[in-house]
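Residue numbers (our numbering), protein chains in the order written: chain A, 839 to 1253; chain B, 839 to 1253.
Hints listed in this document are in silico derivations from the structure and should not be mistaken for laboratory results. It cannot be assumed that every hint is accurate.
[To be verified] Mimicking DMTMM-like on lysine to aspartate or glutamate, the simulated pairs with C-alpha atoms at most 20 Å apart in a straight line are:
| no. | chain 1 | residue 1 | chain 2 | residue 2 |
| --- | --- | --- | --- | --- |
| 1 | A | Lys1185 | A | Asp1130 |
| 2 | B | Lys1024 | B | Asp1079 |
| 3 | B | Lys1185 | B | Glu1144 |
| 4 | A | Lys1024 | B | Asp912 |
| 5 | A | Lys964 | A | Asp988 |
| 6 | B | Lys1024 | A | Glu1144 |
Computed from a prediction, not measured in an experiment: that's the story for all the values here.
There are 2 protein chains.
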Amino acid sequence: MARESPRVVIVGAGFAGLWAARGLAGAPVQVLLVDRNNFHTFLPLLYQVAAAELEPEAIAYPVRSILRRMPNVDFLLAEVDGLDLAGQQIQTSAGTIPYDFLLLAAGSTNHFFGVPGGREHAFPLKTMADAVALRSQILDCYEQAAHQTDPEQRRQALTFTIVGGGPTGVEFAGALAELINGPLRKDYPRLNNQESRVLLLEAQDALLPGLPPRLQAYARARLQQMGVEVELGAQVEEITDSAVHIAGGRIIPTETVAWTAGVQGLSETSAWELPVVRGRRVAVLPTLQSPDHSNVYLLGDLASLEQAGRALPMVASVATQQGKLAAQNILRQLRGQPPLPFRYHDKGSMVTIGRNAAVAHIFGRSFTGFPAWILWLGVHLFNLIGFRNRLLVMLNWAWDYFFFERAVRLILPRQ
Amino acid sequence: MARESPRVVIVGAGFAGLWAARGLAGAPVQVLLVDRNNFHTFLPLLYQVAAAELEPEAIAYPVRSILRRMPNVDFLLAEVDGLDLAGQQIQTSAGTIPYDFLLLAAGSTNHFFGVPGGREHAFPLKTMADAVALRSQILDCYEQAAHQTDPEQRRQALTFTIVGGGPTGVEFAGALAELINGPLRKDYPRLNNQESRVLLLEAQDALLPGLPPRLQAYARARLQQMGVEVELGAQVEEITDSAVHIAGGRIIPTETVAWTAGVQGLSETSAWELPVVRGRRVAVLPTLQSPDHSNVYLLGDLASLEQAGRALPMVASVATQQGKLAAQNILRQLRGQPPLPFRYHDKGSMVTIGRNAAVAHIFGRSFTGFPAWILWLGVHLFNLIGFRNRLLVMLNWAWDYFFFERAVRLILPRQ
Chain A
839 MARESPRVVI VGAGFAGLWA ARGLAGAPVQ VLLVDRNNFH TFLPLLYQVA
889 AAELEPEAIA YPVRSILRRM PNVDFLLAEV DGLDLAGQQI QTSAGTIPYD
939 FLLLAAGSTN HFFGVPGGRE HAFPLKTMAD AVALRSQILD CYEQAAHQTD
989 PEQRRQALTF TIVGGGPTGV EFAGALAELI NGPLRKDYPR LNNQESRVLL
1039 LEAQDALLPG LPPRLQAYAR ARLQQMGVEV ELGAQVEEIT DSAVHIAGGR
1089 IIPTETVAWT AGVQGLSETS AWELPVVRGR RVAVLPTLQS PDHSNVYLLG
1139 DLASLEQAGR ALPMVASVAT QQGKLAAQNI LRQLRGQPPL PFRYHDKGSM
1189 VTIGRNAAVA HIFGRSFTGF PAWILWLGVH LFNLIGFRNR LLVMLNWAWD
1239 YFFFERAVRL ILPRQ
Chain B
839 MARESPRVVI VGAGFAGLWA ARGLAGAPVQ VLLVDRNNFH TFLPLLYQVA
889 AAELEPEAIA YPVRSILRRM PNVDFLLAEV DGLDLAGQQI QTSAGTIPYD
939 FLLLAAGSTN HFFGVPGGRE HAFPLKTMAD AVALRSQILD CYEQAAHQTD
989 PEQRRQALTF TIVGGGPTGV EFAGALAELI NGPLRKDYPR LNNQESRVLL
1039 LEAQDALLPG LPPRLQAYAR ARLQQMGVEV ELGAQVEEIT DSAVHIAGGR
1089 IIPTETVAWT AGVQGLSETS AWELPVVRGR RVAVLPTLQS PDHSNVYLLG
1139 DLASLEQAGR ALPMVASVAT QQGKLAAQNI LRQLRGQPPL PFRYHDKGSM
1189 VTIGRNAAVA HIFGRSFTGF PAWILWLGVH LFNLIGFRNR LLVMLNWAWD
1239 YFFFERAVRL ILPRQ
């Protein structure tokens, strides 16, 4: 079969995959974007779905809507089962797909560091399904507690534990504390709100590793003001369906353990024979190409690349920038030009803690409180895809801000 | 255990149950509302969730939010497993609950009239989970078709069959035709839109039984204009995973059969020993009381009551009015007054077909087209619970109306 133009297959419709597709739109290539979901998930706000603040639809965007303006880009809803890099094809649940160029941007998955019970009992926060399941679990615990007459069982149901004091753990802890102290207190007038606890466990001696100590201290103090019990140096040793065990012998009865402590590139089960390094991420050249296959690019959380001696973080801005460069490099290869090396332009990072409270570290300057919070709001709204999603998120945030309310408190049936 | 005030247990947080709770708010009774979901579903708009027009959150409202202003009403999230009318208690998944008065308002369930394969292969449209599953199925069929090279298989995936020409079938057929001819045509530019079919099968010789012939004819003509193939006198004999069999030997290859043809009161499996009549609805006295137990009320779809020789329809307005009367009758019983008989005030009915097109039969007068459609919009918005839900629904409808767009096209993972 003669093909007019080279075929580029992109695996993953996250930030890296979408920006790569965008970079290839209109170019003399045929692009096929493959994802297991028909929507792109705006992961930076996923924790707000878990905290009953946003409906899933507000942070998900149908991939085909994004691709409408890109006539040379098609979409395939499928699971990738395996790679055949020598044969230049991938195996998917919808059949074998040949490629001339392959962009792997499949993201990352949970890493439980071998903690017993982690995989079975902890609630991860990596996918839309995870977020909806965690939301249902929290609301379900309240429903159980409402009619539980045994005080110990009730306290166990109302103890919510978050493992991991990175950005996701901090943001989720704050959002959960606000959910509990506002709407849920009003929803359950017969429950004693003092029995509800939010614990944030971090193994290291500070929250938000990598940020300046002043911002770490602000985040911790602010969470504590909101009623979150922050425990530093707390090493989780085991998770059961009713407790979390901490090194030193302490056992905390809790039915809900949210896991935000670790992610890795490839899951243990994915049979992709790629050279993995630390964190099961895949080694890449500075040009984002695979060392062994110059027509295979690795992007986003999956790719392990160092800059100034430090591994690049698994964040949306790295993925976006890599997606853009990979598209550019493929077009350079097609024109016979050498691919360019990746340089991450770190614009800084921001973490919101709650109402009027955030920390931001931008261009080397630190902000806290209301200015950081407004900045956080603006940047996240700006980066959401689609006018309607922006409107929906704004509507929800305004609702929450002015009425101290959460609109989306549905326990959806688990099928 | 001494109880200060009589205990009223309401089973079901639909229209009947909620309006009964509202009628008992502030009265000298303790009320417990039991439902398997923690939210009330606005069923008249459920088909719009299935047609990717509204997100589930737009037509669901947390029960506890509604109950906040009713201090004597509590909520229990539980499944009802059985009744013990002699012992005055109900068995639930959360334990046994004693009552002084019981209001059964558990709604209705699907009735497949013994059609083989109905239960296994048809997609019902009775619950939020049903609507989300049907939406995922429709979008999934498009994704399959997009990469299906066999033309017969592709046409089978793109044939959507709706069984039942009552209000739900007509409304869903119209909404589905608009989804297919608008947003999906734009999402799948490589598919030939001529291959998509929407079939509406009705066993009787008219759509919308009970409405004046002029409105029936209007609905049929309008659906046909929108591309829906309306087949009257089409008796479904069997449903498989790839076809629907019609009496007379015709077999239509189709992967999606939406079932709106029949509902019944109690499911076959519910072990509630109540005297059932036609449609497995439960016989009640005109006062809505059980003939055998004067402290048990039966409301809504579950209850079978005739007025002027005709069974009352299974619609929201009957349920709402019965909920109000049951609350009143319990309070009358407590005061030693005789309960009042139910009289249905039929304000008429309305069915929307599509953009600017609806039929309405109100106070004996018939309307079609734009006036009926505006009336339909207004009445449904007015009856939605919660300002935020109204806003969200209006936002979605305006989006759809002005941009010919559907925002909510997510295929959610089946767990």
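Against the structure, the hints:
1. Lys1185/A x Asp1130/A: Violated. Lys1185/A to Asp1130/A sits at ~32 Å, over the 20 Å cutoff.
2. Lys1024/B x Asp1079/B: Violated, because 28 Å separates the two Cα atoms, which is more than 20 Å.
3. Lys1185/B x Glu1144/B: holds (17 Å)
4. Lys1024/A x Asp912/B: Holds: Lys1024/A and Asp912/B sit about 13 Å apart, inside 20 Å.
5. Lys964/A x Asp988/A: Violated, because 34 Å separates the two Cα atoms, which is more than 20 Å.
6. Lys1024/B x Glu1144/A: violated (42 Å)
When the structure is compared with the earlier hints, violations turn up for hints 1, 2, 5, 6 and for no others.
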